[in-house]
Amino acid sequence: MKKIAVFTSGGDAPGMNACIRAVVRTAIFKGIEVYGISYGYDGMIEGNIKKMQSHSVSNIIQRGGTILKSARSEEFRTVEGRKKAYEQIRQHGIEGIVAIGGDGTFRGAKVFYEEFGIPTIGCPGTIDNDIYGTDYTIGFDTAVNTALEAIDKIRDTAAAHDRIFFIEVMGRDSGYIALECGIGGGAEFVMIPETETDLKSIVKSLKNLRKTKSSSIIVVAEGDDEGTAEVIMNKVKEKVNDPDKEFKVTTLGHIQRGGNPTARDRVLASRCGMAAVEGLINGESNCMAGVVNGDVVYTPFADCIGRTKELKADHLKLIEILSI
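Following the UniProt record's numbering, the numbering of the sequence shown begins with 1 at its first residue and continues without gaps.
Some clues are possibly wrong.
[To be verified] What follows is a list of derived Cβ distance ranges for each label pair:
no.	residue 1	residue 2	range
1	230	30	45 to 53 Å
2	74	294	33 to 41 Å
3	153	264	41 to 49 Å
4	204	83	52 to 60 Å
5	231	300	48 to 56 Å
6	162	294	38 to 46 Å
7	153	260	16 to 24 Å
8	77	184	31 to 39 Å
9	77	201	18 to 26 Å
10	55	161	47 to 55 Å
11	60	231	36 to 44 Å
12	2	153	27 to 35 Å
[Said to hold, decoys possible] List time: in silico SDA-like cross-link candidates among lysine to any residue, alpha-carbon distance up to 25 Å:
no.	residue 1	residue 2
13	312	237
14	200	319
15	200	316
16	110	77
17	84	145
18	248	298
19	84	38
20	51	278
21	83	286
22	239	312
23	245	260
Calculated from the structure, these hints are not laboratory results. Because the structure is a prediction, the values reported are computed rather than measured. Heads up, the beta-carbon is just placed ideally off N, CA and C, and yes, glycines get one too.
With the hints as extra help, turn the sequences into a complete structure.
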């Protein structure tokens, strides 16, 4: 293998730049030419492909976002769009691809490989930590710490005014961010997509907590079955029916996607990037490079895509026990 390419796709995640850097420098170390594809699959279709050097990735390991930019491509969902992408890849003589992204990115990579046979290895870049085949995804640790810093500050004002705060974090289909923030931030309740929210129980508990606690923090994943944090807050407020209690909502939103990646994310991203290049060299393909129990593993895209990554039961128990 003499030429490979790397791109980022889908939602950005802190640590993607560290992964790009690892791919580029590992390829160069192995004597392979490496190209960067800007704007994901759209860039592949448009031929937005440039050769990268070692200096192309200097001073980026600490930066959030992605220097290769990211985009979601509707055209790549079509056979015609994928054929255009293949023609661009072939024109540049690229023999292997590293795709940094999440479930949607891997779905596209799997179809592309099945149709045109270009060896592809994915790196799990998503803050949601919902990709099967790796203990943690690139960006998750940073997102949790960013949200946790905000929760700590909100708790200060909640305590100062005896308020009940509903804090919404990202997680349309996964409650990993909410759960870890809830444990780390000492939340009284955590609401996540993986479990059914029992509003009656929460209302009852809040009424009882008034005897021992003057303020409460409730962390809500955006994909909770009862709705957004604001919707849930209004339901709870109506049922608690206490004019002396003040209820507030804070939606953390996209601040969780940005910022300098933590050391943990930089190391994980670097390991996955290097493993992706080495995997291509050693004949791996149509799979993702992840880290499980400290070791690099290659998991077929077919096993990663759409597969539920279960939460740890003891984490859920922690919230219940420690919120008393």
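Taking the beta carbons of residue 162 and residue 294, is their distance inside 38 to 46 Å?
holds, 45 Å
Are residue 245 and residue 260 close enough, with their CA atoms no more than 25 Å apart?
Violated. Residue 245 to residue 260 sits at ~37 Å, over the 25 Å cutoff.
Would you check the hint for residue 83 and residue 286, treating anything up to 25 Å between C-alpha atoms as holding?
At roughly 18 Å apart (the allowed maximum being 25 Å), residue 286 and residue 83 satisfy the hint.
Could you check the hint for me, namely that residue 204 and residue 83 are 52 to 60 Å apart, CB to CB?
Holds, at about 59 Å.
Distance restraint between residue 51 and residue 278, which requires alpha-carbon spacing of 25 Å or less:
holds, 19 Å
Holds or violated: residue 312 to residue 237, with C-alpha atoms at most 25 Å apart
Between residue 312 and residue 237 the Cα gap is close to 30 Å, so the pair fails against 25 Å, i.e. violated.
Note whether the CB distance of residue 2 and residue 153 lies within 27 to 35 Å or breaks it.
Once the Cβ atoms are compared, 51 Å apart, the range 27 to 35 Å for residue 153 and residue 2 is violated.
Taking only the CA atoms, is the gap from residue 200 to residue 319 under or equal to 25 Å?
holds, 17 Å
Do the beta carbons of residue 77 and residue 201 sit within 18 to 26 Å of each other?
Check failed, 42 Å falls outside 18 to 26 Å.
Supplied distance hint 36 to 44 Å, evaluated on CB atoms of residue 60 and residue 231:
This hint holds: roughly 39 Å between Cβ atoms.
Mind checking the alpha carbons of residue 84 and residue 145 for me, to see if they're no more than 25 Å apart?
With Cα atoms ~40 Å apart, residue 84 and residue 145 exceed 25 Å; violated.
Run the distance test for residue 84 versus residue 38: straight-line Cα separation, threshold 25 Å.
holds, 15 Å
Of the numbered hints listed earlier, those contradicted by the structure are 3, 5, 9, 12, 13, 17, 18, 22 and 23.
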